[in-house]
Amino acid sequence: MDIKLSEEQVQLKEGARKFMEDECTGEFVREMEKSELGYTKKMWQQMAEMGWLGMAAPEDCGGLELGTVDLVILAKELGRNICPSPFLSTVVIAGEAIARAGSDAQRQEFLPKIVEGELVLAFAYQEYTRKFEPGVIELQAKEDLVVARTSGEAPASSGLTMFLVDAKSEGIASKRTPTMARDHHYEVGFSGVRVPKDRVLGGVGDAWSSLEGVIEKAAVVFSGYTGGVCEMMHERATEYAQQRVQFDRPIGQMQLIQSYLATLIIDIYGSDTLTFFTAFNMDKGRRVRPYVAKTKAFAADTVNNTTNVGAQIFGGIGYMEEQDTTLYLRRGKQYQLALGGLDYWEDIIAEELIDVENPTLLT
Amino acid sequence: MDIKLSEEQVQLKEGARKFMEDECTGEFVREMEKSELGYTKKMWQQMAEMGWLGMAAPEDCGGLELGTVDLVILAKELGRNICPSPFLSTVVIAGEAIARAGSDAQRQEFLPKIVEGELVLAFAYQEYTRKFEPGVIELQAKEDLVVARTSGEAPASSGLTMFLVDAKSEGIASKRTPTMARDHHYEVGFSGVRVPKDRVLGGVGDAWSSLEGVIEKAAVVFSGYTGGVCEMMHERATEYAQQRVQFDRPIGQMQLIQSYLATLIIDIYGSDTLTFFTAFNMDKGRRVRPYVAKTKAFAADTVNNTTNVGAQIFGGIGYMEEQDTTLYLRRGKQYQLALGGLDYWEDIIAEELIDVENPTLLT
Amino acid sequence: MDFDWSPEELAFRDEVREFIAENLTEEVAGTIFIDTPARVAFVDKMAERGWLGMGFPEKYGGSKKPIPLAQFILTVELDLAGAPIVGKNVGVVANTILNECSEEMKMEFLPKIFKNEGQWALTYTEACAGTDIGAMQCPAVDMGDHFEVTGSKLFITSAHFAKYHWIALRTDPDAPKHKGISIFIMDADSPGISLTPMHCIGTTGTTHRTNEVFLDHVKIPKSRLVGELNKGFYYMMQALDYERFAILSFASRVRRFGKIVDWVKNAEYNGNDRPIEDPVIRRKLARMATRVEVGTMLERLCICAAMERVPAVEAAMNKAYGATVGADMAELALDIMGPFGYLWAGAEHAPLNGYLVDEHLMAGHARVAAAGVDTAKSIVARRLLGLPNALGKPVLPAK
Amino acid sequence: MDFDWSPEELAFRDEVREFIAENLTEEVAGTIFIDTPARVAFVDKMAERGWLGMGFPEKYGGSKKPIPLAQFILTVELDLAGAPIVGKNVGVVANTILNECSEEMKMEFLPKIFKNEGQWALTYTEACAGTDIGAMQCPAVDMGDHFEVTGSKLFITSAHFAKYHWIALRTDPDAPKHKGISIFIMDADSPGISLTPMHCIGTTGTTHRTNEVFLDHVKIPKSRLVGELNKGFYYMMQALDYERFAILSFASRVRRFGKIVDWVKNAEYNGNDRPIEDPVIRRKLARMATRVEVGTMLERLCICAAMERVPAVEAAMNKAYGATVGADMAELALDIMGPFGYLWAGAEHAPLNGYLVDEHLMAGHARVAAAGVDTAKSIVARRLLGLPNALGKPVLPAK
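Residue numbers (this note's numbering), protein chains in the order written: chain A, 1 to 363; chain B, 1 to 363; chain C, 1 to 399; chain D, 1 to 399.
One or more hints might be untrue.
[Claimed, not checked] In silico BS3-like cross-links for lysine-lysine, where the CA-CA straight-line distance does not exceed 25 Å:
1. A/Lys41 <-> A/Lys197
2. C/Lys64 <-> C/Lys115
3. D/Lys45 <-> D/Lys59
4. C/Lys177 <-> D/Lys399
5. D/Lys59 <-> D/Lys106
6. D/Lys177 <-> C/Lys399
7. D/Lys231 <-> D/Lys393
8. C/Lys45 <-> C/Lys177
9. C/Lys115 <-> C/Lys45
10. C/Lys179 <-> D/Lys393
11. C/Lys393 <-> D/Lys179
12. C/Lys177 <-> C/Lys163
13. B/Lys4 <-> C/Lys179
14. C/Lys59 <-> C/Lys115
15. D/Lys284 <-> C/Lys265
16. D/Lys284 <-> D/Lys106
17. C/Lys163 <-> C/Lys112
18. C/Lys284 <-> D/Lys284
19. D/Lys45 <-> C/Lys393
20. C/Lys393 <-> D/Lys177
21. D/Lys222 <-> D/Lys179
22. A/Lys4 <-> D/Lys65
23. C/Lys115 <-> C/Lys65
24. D/Lys231 <-> D/Lys219
25. A/Lys113 <-> A/Lys197
26. D/Lys106 <-> D/Lys163
27. D/Lys219 <-> D/Lys177
28. C/Lys177 <-> C/Lys115
29. D/Lys112 <-> D/Lys177
30. C/Lys115 <-> C/Lys179
31. D/Lys112 <-> D/Lys219
32. C/Lys284 <-> D/Lys59
33. D/Lys393 <-> D/Lys177
34. C/Lys177 <-> D/Lys163
[Claimed, not checked] Some but not every residue of chain D turned toward chain C, in silico, with C-beta under 10 Å:
35. Ile276
36. Asp278
37. Arg282
[Claimed, not checked] A short list of chain B residues far from chain D (calculated; beta carbon distances all over 12 Å):
38. Phe28
39. Met43
40. Glu59
Just so you know, these hints were derived from the structure itself, not from any lab.
No residue lacks a Cβ here, since even glycine has one placed at the ideal position from N, Cα and C.
Between the sequences and the hints, there should be enough to build the whole structure, so can you do that?
What follows is the structure in structure tokens.
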């Protein structure tokens with residue numbers, strides 16, 4: 001057992017940190033929030049050039065075929081600077097779905113384009129429901145990556161099919177919907193959209209057999225991303241506590257401030273280690289369902305707490321729009337609720353803990 | 001609006017405090033824990049002489065016919081010194097049940113005996129269930145104050161009847177069951193116990209119509225009692241924090257200790273005020289169901305927190321059996337769970353908040 | 001012991017409620033600030049009724065209090081309705097002027113306050129002086145016939161629509177820090193004052209605005225000194241006790257919780273998902289309802305104390321408890337909403353048009369601003385429990 | 001990055017597990033203390049296998065470590081099984097002797113420790129010196145050819161069955177408080193030592209016993225001074241870092257949570273009430289399961305650090321996190337049990353025979369004892385985050 005990063009992983013991390021520090025400033029994040037696209041094609045192309053968009057893809061599709069651990073390392077660096085990009089939906093979700101469920105032809109058609117930065121995909125999954133379970137999906141398909149029902153009725157996870165739908169297809173109505181993070185969410189209406197049969201991904205009615213694993217992987221990578229958010233927020237709060245003088249001492253010399261910062265960093269360390277542990281075991285091909293759920297659940301609470309309490313360390317100034325603290329604060333709660341809220345993941349944890357005959361136990 | 005105690009109430013409180021301080025020391029409480037009876041007939045008789053056992057009873061039965069507010073004032077003083085006595089079950093629960101549901105003959109037979117301290121009653125209600133709802137009662141009655149089912153099947157609150165059962169009746173098997181508070185709980189088995197018809201209290205199958213109000217009143221008085229427990233624990237912890245020197249200052253000069261003590265006292269003040277508010281409105285004859293539930297729920301959490309955190313202020317010494325802190329600590333959690341746990345009262349709160357068409361609103 | 005409102009109190013409350021029902025247009029509601037013509041007009045109407053000068057001597061334009069708790073009833077009802085409130089002008093400024101100032105100043109300013117002639121900015125905070133307000137540096141230099149001020153102030157709410165600054169400045173740089181501060185009344189249109197807006201986190205366009213105030217050789221006449229020179233810190237502290245109590249009541253949280261419950265009761269999503277039927281959500285709401293009730297009780301404690309004295313400890317309890325409950329309430333609401341919780345103002349499916357997102361984002365601010373939760377708790381620890389100042393020199397107990 | 005145990009580590013773990021399965025009788029299990037003949041015999045068997053002296057030089061009776069993490073694996077498995085553990089003797093005493101003492105003392109005591117010949121009491125705490133251990137007063141007076149001790153010590157666990165006291169005493173009353181303490185090895189049967197038992201809160205009869213130790217002109221030979229005179233405080237601090245890590249692992253909480261889950265899965269009450277079907281309980285257990293997992297991760301961080309250095313920060317994290325999770329876990333269990341939660345050992349219907357009542361009652365103790373949660377957090381704040389000592393003089397940041 002040795003949980004230090006390998007030399008290559010240290011290089012990946014340091015390279016990503018330098019790039020992010022140079023390119024992805026608070027000012028850049030604000031610009032992207034206000035922009036039409038939400039990210040820049042230039043940065044996306046640079047990410048492709050550094051091999052980030054092909055990290056997970058199979059070698060025969062131009063990828064590096066690296067593991068989840070490496071994705072988490074990169075995601076943490078993206079998270080530190082809250083990098084605005086469609087990395088998660090394109091590379092982790094869609095890329096992984098195509099790699100797992102796609103035909104050879106689909107893999108060869110789409111994956112190299114993702115790796116090269118030429119194709120961006122959105123994940124159209126959530127419907128008008130608070131739930132994240134596949135059973136609640138009602139959208140009828142008679143295909144961005146769309147999941148829709150081809151048979152059966154909600155609630156049932158069978159009967160769902162994945163489609164690769166051209167975003168410019170007739171019958172698609174997209175409307176940007178404002179979010180707390182001011183990131184680029186859209187409500188997408190489908191009305192009589194025709195999807196060629198060769199754009200069905202995987203077996204008809206059989207989406208969940210591959211999608212479940214895709215979502216699990218995405219949840220772990222996302223937990224890495226939020227871990228990065230926490231790390232940066234905490235570093236900034238600690239630095240502020242060291243510099244900010246009130247009552248003739250740095251506020252960081254006060255017991256309460258120390259208690260807040262120490263409590264957070266313990267959670268952050270715990271969350272990071274759990275994320276890497278799950279990613280490591282996922283890469284070993286082991287069954288990690290309960291671990292994914294615990295990883296996402298804890299990372300979600302940690303990013304919400306850290307951004308909240310972290311901003312409070314700054315006092316009033318932490319709540320001024322002009323301050324970078326607010327960029328982080330506006331993401332904490334959203335990230336907690338995104339990609340399956342606590343109830344979704346906690347139900348899985350409970351099920352695995354209680355209902356499963358022989359619970360999965362990794363040591 | 002003036003929430004100060006009246007002159008008579010101040011006298012009641014001060015008299016009770018003096019008596020408790022003189023008679024009900026930590027040593028006395030320990031003796032009672034080890035004793036067969038759990039209280040002393042001498043003290044019970046003194047309580048009768050001071051009029052405490054007749055506070056709630058109607059004047060025509062020898063009582064003072066005082067209100068719930070006065071019961072709460074007294075209960076707080078009993079709670080401060082965690083007075084071991086069957087006050088709640090005898091005076092508040094059984095006394096109130098007889099006063100509400102009893103026939104004239106029953107009132108005249110039993111209430112003066114309670115007032116005089118000659119009759120002690122236990123409340124036999126809880127069965128082998130985690131729940132406190134009347135619907136779960138399965139004991140079949142074909143009667144201490146016993147509640148049993150005379151018709152219907154669980155779960156239904158109708159079909160329950162109250163009986164006054166002589167504890168020495170044939171077929172009753174009592175077994176003391178150890179509790180955290182080392183108070184005197186018994187498991188009582190009923191097997192073919194014959195109860196004279198004139199010992200049925202209230203209408204057959206109609207217990208809940210009066211018992212619900214009795215339990216509500218008991219919950220409010222009990223919240224007063226636990227409020228007293230909190231008050232004393234907090235006073236002692238504060239005094240210790242003022243005296244105990246570590247790192248060349250009293251520990252009470254440290255931010256964290258101050259934060260713990262201040263957080264507790266705010267809860268204690270809030271809980272007390274809510275208890276009196278509910279008692280006051282109960283005495284006015286208003287519908288107070290949601291307020292009773294909130295009172296008990298908050299008082300329960302407060303007594304658990306205060307005894308727990310209060311003991312921690314003392315450090316290691318707080319956990320030595322010889323210390324009075326442990327007497328309080330052993331009661332906090334038990335009192336939180338007793339007389340209907342959080343789930344029972346929170347379900348009522350939710351029901352009143354959400355399901356009731358026009359929620360009760362006292363201002 | 002009597003928890004009931006008297007008939008007179010109920011009558012006054014009814015009167016206030018009627019007034020609000022008649023005058024609180026959509027244009028007026030939604031903020032406590034008196035920053036638009038419609039809101040000024042709303043407060044003018046309160047002034048006409050004599051509600052701004054209740055309890056102040058008639059010779060200064062004051063009016064008789066209909067009942068002892070009138071001021072409190074007014075504040076709570078305004079807050080409960082989401083209307084502009086008058087605690088700052090009346091509570092902080094008028095009280096201090098009445099207690100500390102010369103007859104001339106009383107005659108000049110009190111009638112104006114009670115007639116709502118011009119708003120006031122409390123101009124205390126500096127970059128180096130937040131919670132530690134005594135650390136302020138910005139100097140007022142005695143130039144013989146006037147004071148001159150050059151420096152800057154931060155987080156000055158209301159400065160962009162105020163007529164007067166109630167400004168604290170350092171008048172003795174050599175004295176111990178709490179003993180060298182004075183308060184002045186400074187005209188907002190004095191030459192040399194400029195503002196930079198600062199926006200709090202929140203929905204773009206409707207965010208709460210505050211200001212950085214720059215002072216470049218601003219002159220303040222000597223007649224505008226409040227009370228005695230170098231006693232400003234004590235005036236601020238007295239007013240702060242009052243402020244915690246009078247400016248913001250717990251009512252805003254009661255109002256917010258009501259909105260949350262209403263939303264939950266009516267929300268329905270695909271798949272017959274009614275949040276209100278979820279046992280976990282029901283329990284959490286029950287718990288929050290209990291905490292809200294306790295908050296109203298702490299406020300009641302405060303009111304009753306206020307009839308006899310400045311309720312410093314009770315107000316600190318309210319502040320600590322209220323801000324904590326307020327933050328947890330917004331969290332709870334967003335948690336219940338799930339992925340809809342992070343949709344913001346303007347999103348079709350944003351519950352309550354994203355109102356709780358704003359409340360959540362500013363919840364931490366309420367925990368740290370205007371003497372935060374931790375400061376309030378230290379007040380409770382020191383003034384109620386008799387514990388020594390944690391930031392002071394060790395104070396060993398007497399043997 | 002490799003989270004997997006090596007084949008050697010797994011093999012050693014299997015060996016330990018096999019040993020425990022064979023030797024952990026009911027008589028031995030249930031406590032970490034080596035206080036009965038059966039428990040001494042159990043540890044003797046571990047000594048026979050060379051498990052007490054792993055990594056120590058052979059000339060002192062030590063044995064080769066089969067693998068780098070052997071010590072940790074042993075502690076975790078013992079703790080997970082509820083068996084007596086050897087961290088105190090080996091971790092604190094043997095390490096300090098090896099690092100600080102003379103060849104004679106090493107030769108005298110190390111072999112005895114590794115053979116489990118006699119238990120040790122850590123005799124530090126005094127009435128005036130708990131968390132502030134440096135405040136201890138009990139003096140060892142230099143009498144020329146020996147030291148003489150008169151005073152008392154408090155909360156001395158193990159004193160009633162120990163053969164030796166590892167005792168800290170003030171040897172220079174005039175030096176700054178941390179610079180006048182020395183450590184000695186004192187025979188428990190020295191004339192002048194007497195004990196008064198103190199019982200921790202818990203089930204009568206099975207409570208954890210500790211002691212007040214009275215010392216009346218007790219003589220300690222000069223040869224029993226540990227290391228250098230007046231360096232005792234530093235030896236204690238070093239050992240404490242080690243202690244937080246080596247004596248108690250997170251495994252005890254994993255074990256406790258397993259018992260809780262088992263109970264909940266099987267509990268059934270009248271009216272088909274199966275707690276496990278209650279959605280609120282399921283969610284709460286899921287949340288706790290997550291926190292338990294995070295605890296094991298923090299421990300793993302600690303182990304990996306321990307391969308390279310004394311993991312002071314990581315051990316403090318473990319302490320803070322573990323004690324908090326431990327307390328919340330006992331609360332949760334009792335809450336789920338409802339009115340059965342407060343039934344204690346001996347009650348027919350007490351779940352797990354009241355085990356969780358004891359755990360609940362002592363949970364606060366775990367939060368405050370052996371450098372509590374708040375002390376552990378201050379270690380994290382200072383050593384990891386670089387913040388200045390909150391109890392020291394103000395340290396202004398460099399400009």
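Does the closest beta carbon of chain C sit nearer than 10 Å to the beta carbon of arginine 282 of chain D?
Holds: closest Cβ of chain C sits about 9 Å from arginine 282 of chain D, inside 10 Å.
Given pair status - lysine 179 of chain D, lysine 393 of chain C, alpha carbons within 25 Å:
holds (23 Å)
Assess, step by step, whether the Cα of lysine 163 of chain C is no farther than 25 Å from the Cα of lysine 112 of chain C, and give holds or violated.
With Cα atoms ~11 Å apart, lysine 163 of chain C and lysine 112 of chain C stay inside 25 Å; holds.
Just to be careful: measuring from the Cβ of aspartate 278 of chain D to every Cβ in chain C, is the smallest value less than 10 Å?
holds (8 Å)
For a C-alpha distance cap of 25 Å, please report whether lysine 45 of chain C and lysine 177 of chain C respect it.
At roughly 42 Å apart (the allowed maximum being 25 Å), lysine 177 of chain C and lysine 45 of chain C break the hint.
Checking one constraint from the list: CA of lysine 115 of chain C to CA of lysine 179 of chain C, max 25 Å. Satisfied?
Since the Cα atoms of lysine 115 of chain C and lysine 179 of chain C sit roughly 34 Å apart, the hinted pair is violated (cutoff 25 Å).
For the pair we were handed, lysine 177 of chain D and lysine 399 of chain C, check the Cα-Cα distance against 25 Å.
holds (21 Å)
Given hint lysine 284 of chain D paired with lysine 284 of chain C - CA-CA distance at most 25 Å:
holds (12 Å)
Check the hint pairing lysine 177 of chain C with lysine 163 of chain C against an upper bound of 25 Å on the C-alpha distance.
The hint is violated at about 29 Å.
Can the restraint linking lysine 222 of chain D and lysine 179 of chain D be considered satisfied, given a maximum Cα separation of 25 Å?
Status holds; Cα separation ~19 Å.
Check the hint pairing lysine 115 of chain C with lysine 65 of chain C against an upper bound of 25 Å on the C-alpha distance.
Holds. Lysine 115 of chain C to lysine 65 of chain C sits at ~16 Å (cutoff 25 Å).
Does lysine 231 of chain D pair with lysine 393 of chain D here, judged by a C-alpha cut-off of 25 Å?
The hint holds at about 24 Å.
Violated hints, in rising order: 1, 8, 12, 13, 16, 19, 28, 29, 30, 32, 34 and 35; the structure is consistent with all others.
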